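Asker: Protein chains in written order, with the numbering used here: chain A, 246 to 406; chain B, 40 to 144.
Dumping the calculated BS3-like pairs for lysine-lysine here, alpha-carbon to alpha-carbon at most 30 Å:
(1) K99(B) <-> K339(A)
(2) K340(A) <-> K99(B)
(3) K358(A) <-> K129(B)
(4) K59(B) <-> K99(B)
(5) K117(B) <-> K368(A)
(6) K397(A) <-> K129(B)
(7) K344(A) <-> K110(B)
(8) K139(B) <-> K66(B)
In silico negatives: residues of chain B with every beta carbon more than 10 Å from chain A:
(9) D53
(10) W64
(11) E79
(12) L81
(13) D83
(14) H85
(15) E90
(16) K94
(17) G100
Hints listed in this document are in silico derivations from the structure and should not be mistaken for laboratory results.
Only a predicted model underlies this, so the values are computations on that prediction, with no experimental measurement involved.
Every residue, glycine too, gets a C-beta built ideally from N, C-alpha and C.
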Amino acid sequence: MSDQIEKVSIVVSRGSLEGVYPGLIMANGARMEGIEATLFFTFFGLDAIINNRMDNLGVATVGNPAMRIPGGIKMPTWLGAIPGMSKFATVMMKKEMEKLDIPPVREFIEMIKDAGGELYACKATVDMFHLTKNDFCPQVDEIISVGQFYEKSAGAQIIFT
Amino acid sequence: METVELVGRKLELDADGHLKNLNDWDKEVAKEFARLEGIETLTDRHWIVLEFMRKEFQEKGDAPSIRKLTKESGVDTKELYALFPKGPAKKAAKIAGLPKPKGCI
Chain A
246 MSDQIEKVSI VVSRGSLEGV YPGLIMANGA RMEGIEATLF FTFFGLDAII
296 NNRMDNLGVA TVGNPAMRIP GGIKMPTWLG AIPGMSKFAT VMMKKEMEKL
346 DIPPVREFIE MIKDAGGELY ACKATVDMFH LTKNDFCPQV DEIISVGQFY
396 EKSAGAQIIF T
Chain B
40 METVELVGRK LELDADGHLK NLNDWDKEVA KEFARLEGIE TLTDRHWIVL
90 EFMRKEFQEK GDAPSIRKLT KESGVDTKEL YALFPKGPAK KAAKIAGLPK
140 PKGCI
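Throw the hints in and build the complete structure from the sequences for me.
Answerer: See the structure below:
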């Protein structure tokens, strides 16, 4: 048993759709395998748990040289700045995710919470952005400091996304 | 080839320790697998999940995602994890006599 992962602590630091999903998928996937999972949202990653923002995350199309247009052709990076491009990419990505049964952010957060995952917001960022506990969705357990994060991560693999 | 002796029969297992042949499965085998996973009794609620998973597998070739399970089987996420504490994906599939689910969600 000792060579198996028993606990993961996942840091979500980015607020774009493609920045948030890997952490959520990994946390949910951990719970599915019976692995304990803790999510720690920091900096713009907080948008994934802020009540009036979490339903409106978008794909970052600026400064993303890996961006492809439908059909697989590489998109020139300057095109990403055209108004509506991020919106378009977001709609496309959400459509593809729905096909794979990947839930929207809010539903995903609820699923992870119901699965026994823990969700925390980073205190430094909360203070910096002048946020309070009331700004977050009810699934958030607590606003914690980095020290508390390490305490809660005892024995866990820490994954930064 | 790994085999296990359960309910007086020799059953073939795959590399993950799941049943190799779908048809080797019956309710007695499920009960034994459940016991090996630490679930002493399979309740009606367990059976809803197991039967839903088998039905989905036979139709689609893979076990359903947790999301599909909770949306369509009538057992919500919280209960699902209470029924199969060590991870519903792996454990429920094993008890249902199915291979480990391929999906990520």
